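**Student:** Each chain, letter by letter, is given below.
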Amino acid sequence: MKDVQYFAPGTLREALKLLGQHGARIRVLAGGTDLVRDMNLELKLPDNILWIGKLGLEYVRLEKGLIRIGAATRMQTAGDSRLLQTKASALAQAAGKLAAPPVRSLATLGGNICNASPAADTVCAMLALGAELVLSSQAGKRIVPLEKFFTGPGKTVLKAGEMLTEIRLRPTGNKEGSAYAKVGRRQALTLAVLNAAARVRLDGKGNCAEVNIAIGAAAPKPLRAHKAEAALRGKPVTPETIAAAAEVAASEIKPIDDVHGTAWYRRQLTRVLVARVLARAAGLGEEE
Amino acid sequence: MAKMLISFKLNGKRVSVEAPVQTNLLQLLREHLDITSPKFGCEQGNCGACTVWLDGEPVNSCMVLAATVDGRAVTTLEGLGSPERPHPLQIAITEHYGSQCGYCTPGMIMSAAALLEKRNGPLSREDVVNAIVGNVCRCTGYSKIIESVLAAADKMG
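Taken in sequence, the protein lines are chains A and B.
For reference, each letter of the first sequence is one residue, going 1 to 288 in our numbering.
For reference, each letter of the second sequence is one residue, going 1 to 157 in our numbering.
It is worth saying that the hints were derived from the structure and are not from the lab.
Treat each hint with caution, since some may be false.
[Claimed, not checked] Pairs of lysine to aspartate or glutamate, EDC-like flavour, derived with a Cα cap of 20 Å:
1. A:K54 <-> B:D70
2. A:K159 <-> A:E14
3. A:K175 <-> A:D203
4. B:K118 <-> A:D80
5. B:K9 <-> B:D34
6. A:K54 <-> B:D55
7. B:K3 <-> A:D47
8. B:K155 <-> B:D127
9. B:K39 <-> A:D3
10. A:K159 <-> A:D203
11. A:K254 <-> A:E240
12. A:K235 <-> A:E210
13. B:K118 <-> B:E57
14. B:K3 <-> A:D3
15. B:K9 <-> B:E43
16. A:K155 <-> A:E42
17. B:K13 <-> B:D55
18. A:K159 <-> A:E147
19. A:K64 <-> A:E166
20. A:K44 <-> B:E43
21. A:K141 <-> A:E166
22. B:K13 <-> B:E57
23. A:K54 <-> B:E57
24. B:K155 <-> B:E126
[What the hints assert, rightly or not] Under 8 Å between C-beta atoms, here's a sample of chain B residues computed to sit facing chain A:
25. A2
26. S16
27. Q22
28. T51
29. E57
30. P58
31. C62
32. S124
33. D127
34. A131
Computed from a predicted structure; not experimentally measured.
Backbone N, C-alpha and C define an ideal beta-carbon position, used for all residues, glycine too.
Please model the complete structure; the sequences and the hints are all you need to start from.
**Tutor:** Take a look at the structure:
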């Protein structure tokens with residue numbers, strides 16, 4: 001068996017230096033629920049491991065009008081955050097539904113993003129919230145919208161020597177809300193067969209001023225349903241307009257048949273879950 | 001194979017142990033430290049049999065890289081109660097038949113005891129279910145376990 005090297009730097013500067021030195025031959029370890037699992041089950045051993053648990057990257061705060069979340073923020077912390085519960089509720093709901101408590105006290109938001117699963121719970125919520133990612137390297141920082149981050153299942157635009165350090169979101173304001181919903185094969189410890197999230201802002205007349213809709217496990221990467229958004233924008237938000245937008249969403253996805261569910265079932269779920277999150281985000285539905 | 005020295009607090013006592021870098025916390029506890037209450041189940045966070053506390057929070061020890069516990073605190077069932085001085089939940093589980101084959105029991109107790117420790121106010125059945133959804137039991141049908149946790153909560157006041 002090969003020699004695995006382990007690094008646990010105490011500063012971001014040192015971490016970025018190590019990333020720069022080892023390039024593609026070093027893996028970032030955050031919570032371990034994907035990386036250590038793969039090491040256990042598939043004996044996929046990285047050459048080098050960089051643990052980011054000591055970099056001070058676990059925080060959720062409001063700064064200069066933006067919610068800033070450290071990449072190593074764990075699901076438990078995100079789910080319990082009063083700021084996220086009130087100003088980015090889709091994300092608090094998704095983090096609180098992921099897997100089960102012993103996983104939620106390990107798994108991180110940054111890990112959920114970088115693992116790049118099309119079914120990732122919190123990614124779907126952050127996509128609907130319009131999140132942007134801060135990617136850091138020795139050369140500096142760049143900001144990438146979450147929607148542009150994924151290139152396929154397990155694949156992202158992250159370059160060798162670069163890591164995700166922060167997630168930024170606009171908090172929801174007046175007459176604005178967000179919501180997340182998931183259907184799995186059971187309540188806990190399960191991947192989403194399909195998940196959906198929405199962010200909706202109403203204008204003074206109760207019409208839809210802004211809307212983002214995200215759907216997961218419905219295509220090779222988590223997707224924004226832009227056509228469904230366009231179908232609702234500017235219209236009064238009623239059960240009828242919501243149902244019409246959800247129908248558009250069902251035609252926009254590219255689902256497959258797999259062990260978790262069939263493409264047909266995923267379209268059915270899209271109609272139901274998109275309608276449900278739109279209604280909840282617009283304040284028409286019951287909170288789950 | 002590259003080894004490293006890992007020092008941490010295990011059930012209140014300082015320990016230092018050398019292990020290969022890729023060792024997970026479950027292997028470290030069972031194979032290097034003779035702590036056998038955490039059980040090997042799925043090695044992928046789907047069963048909860050290996051649940052221990054890391055800095056006071058329940059975690060699946062199989063998915064924790066052992067190196068990352070250096071300088072931190074781990075509590076296992078051995079640190080929670082003993083035959084001489086059992087935790088109230090251990091007593092409740094025996095009194096309410098909350099354990100059958102026993103394989104899930106240590107992990108189940110660690111998840112439920114975390115809830116008992118951090119609660120403020122009375123517990124509902126739903127609170128208990130939410131705390132143990134990550135622990136799979138193939139014998140009891142869960143009802144007796146939930147009864148046990150609620151009974152322990154009553155006893156502990």
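**Student:** Take the hints in turn and mark each one as holding or not.
**Tutor:** Hints versus structure:
1. Straight-line distance between C-alpha atoms of A:K54 and B:D70 comes to about 11 Å, which keeps the hinted pair within the 20 Å bound.
2. This hinted pair checks out: A:K159 and A:E14 have alpha carbons roughly 18 Å apart, not beyond 20 Å.
3. Of the pairs offered as hints, the one joining A:K175 and A:D203 holds, with about 7 Å between alpha carbons and a cut-off of 20 Å not exceeded.
4. As the CA atoms of B:K118 and A:D80 are separated by approximately 14 Å, the hinted pair is consistent with the 20 Å bound.
5. A threshold of 20 Å between alpha carbons decides the hint, and for B:K9 with B:D34 the separation of about 15 Å falls inside it, so the pair holds.
6. Note on A:K54 and B:D55: the hinted pairing holds, with a Cα-Cα distance of about 14 Å set against a maximum of 20 Å.
7. Pair hint B:K3 plus A:D47 holds up; C-alpha atoms about 14 Å apart against a cutoff of 20 Å.
8. At roughly 17 Å between alpha-carbon atoms, B:K155 and B:D127 fall within 20 Å of each other, so this suggested pair holds.
9. Between the alpha carbons of B:K39 and A:D3 the distance comes to roughly 27 Å, so the proposed pair goes past 20 Å and is violated.
10. At roughly 41 Å between alpha-carbon atoms, A:K159 and A:D203 are farther apart than 20 Å, so this suggested pair is violated.
11. Distance hint between A:K254 and A:E240 is unfulfilled; the C-alpha atoms sit about 24 Å from each other, more than 20 Å.
12. A threshold of 20 Å between alpha carbons decides the hint, and for A:K235 with A:E210 the separation of about 10 Å falls inside it, so the pair holds.
13. This hinted pair checks out: B:K118 and B:E57 have alpha carbons roughly 10 Å apart, not beyond 20 Å.
14. Distance restraint check for B:K3 and A:D3: the Cα-Cα separation of roughly 9 Å lies within the 20 Å cut-off, and the hinted pair is therefore satisfied.
15. The suggested pairing of B:K9 with B:E43 is violated, with an alpha-carbon distance near 23 Å, which exceeds 20 Å.
16. Proximity of A:K155 to A:E42 is assessed by CA-CA distance (about 19 Å); at most 20 Å being required, the pair is judged to hold.
17. As the CA atoms of B:K13 and B:D55 are separated by approximately 14 Å, the hinted pair is consistent with the 20 Å bound.
18. With a C-alpha separation of about 17 Å, the suggested pairing of A:K159 with A:E147 holds against the 20 Å cut-off.
19. Between A:K64 and A:E166, the direct Cα distance comes to roughly 15 Å. Compliance with the 20 Å bound is thereby established for this hinted pair.
20. At roughly 14 Å between alpha-carbon atoms, A:K44 and B:E43 fall within 20 Å of each other, so this suggested pair holds.
21. Pair hint A:K141 plus A:E166 holds up; C-alpha atoms about 10 Å apart against a cutoff of 20 Å.
22. The hinted pair formed by B:K13 and B:E57 meets the criterion: a straight-line CA distance of about 18 Å does not exceed 20 Å.
23. The suggested pairing of A:K54 with B:E57 holds, with an alpha-carbon distance near 17 Å, which does not exceed 20 Å.
24. A hinted pair counts as satisfied when its Cα atoms are at most 20 Å apart, and B:K155 with B:E126 qualifies at roughly 19 Å.
25. Look at B:A2: its Cβ gets to within about 4 Å of chain A, closer than 8 Å, so that hint holds up.
26. For B:S16, the interface hint is violated, the least distance from its beta-carbon to any beta-carbon of chain A being 16 Å, above 8 Å.
27. Proximity of B:Q22 to chain A holds as hinted, the smallest CB-CB distance being about 5 Å (cut-off 8 Å).
28. The beta carbon of B:T51 is positioned within 8 Å of a beta carbon in chain A (closest approach about 5 Å), and the interface hint is therefore held.
29. Hint status for B:E57: holds, given a least beta-carbon distance of 4 Å to chain A, under 8 Å.
30. Proximity of B:P58 to chain A holds as hinted, the smallest CB-CB distance being about 5 Å (cut-off 8 Å).
31. For B:C62, the suggested interface contact is upheld, since its CB lies about 6 Å from the closest CB of chain A, less than 8 Å.
32. A hinted interface residue such as B:S124 counts as satisfied when its beta carbon comes closer than 8 Å to some beta carbon of chain A; here the least separation is about 16 Å, so the hint is violated.
33. With a cut of 8 Å, the hint placing B:D127 at the interface with chain A is violated, because the nearest CB-to-CB distance is about 11 Å.
34. At about 6 Å, the closest approach between the beta carbon of B:A131 and any beta carbon in chain A falls short of 8 Å, and the interface hint on this residue holds.
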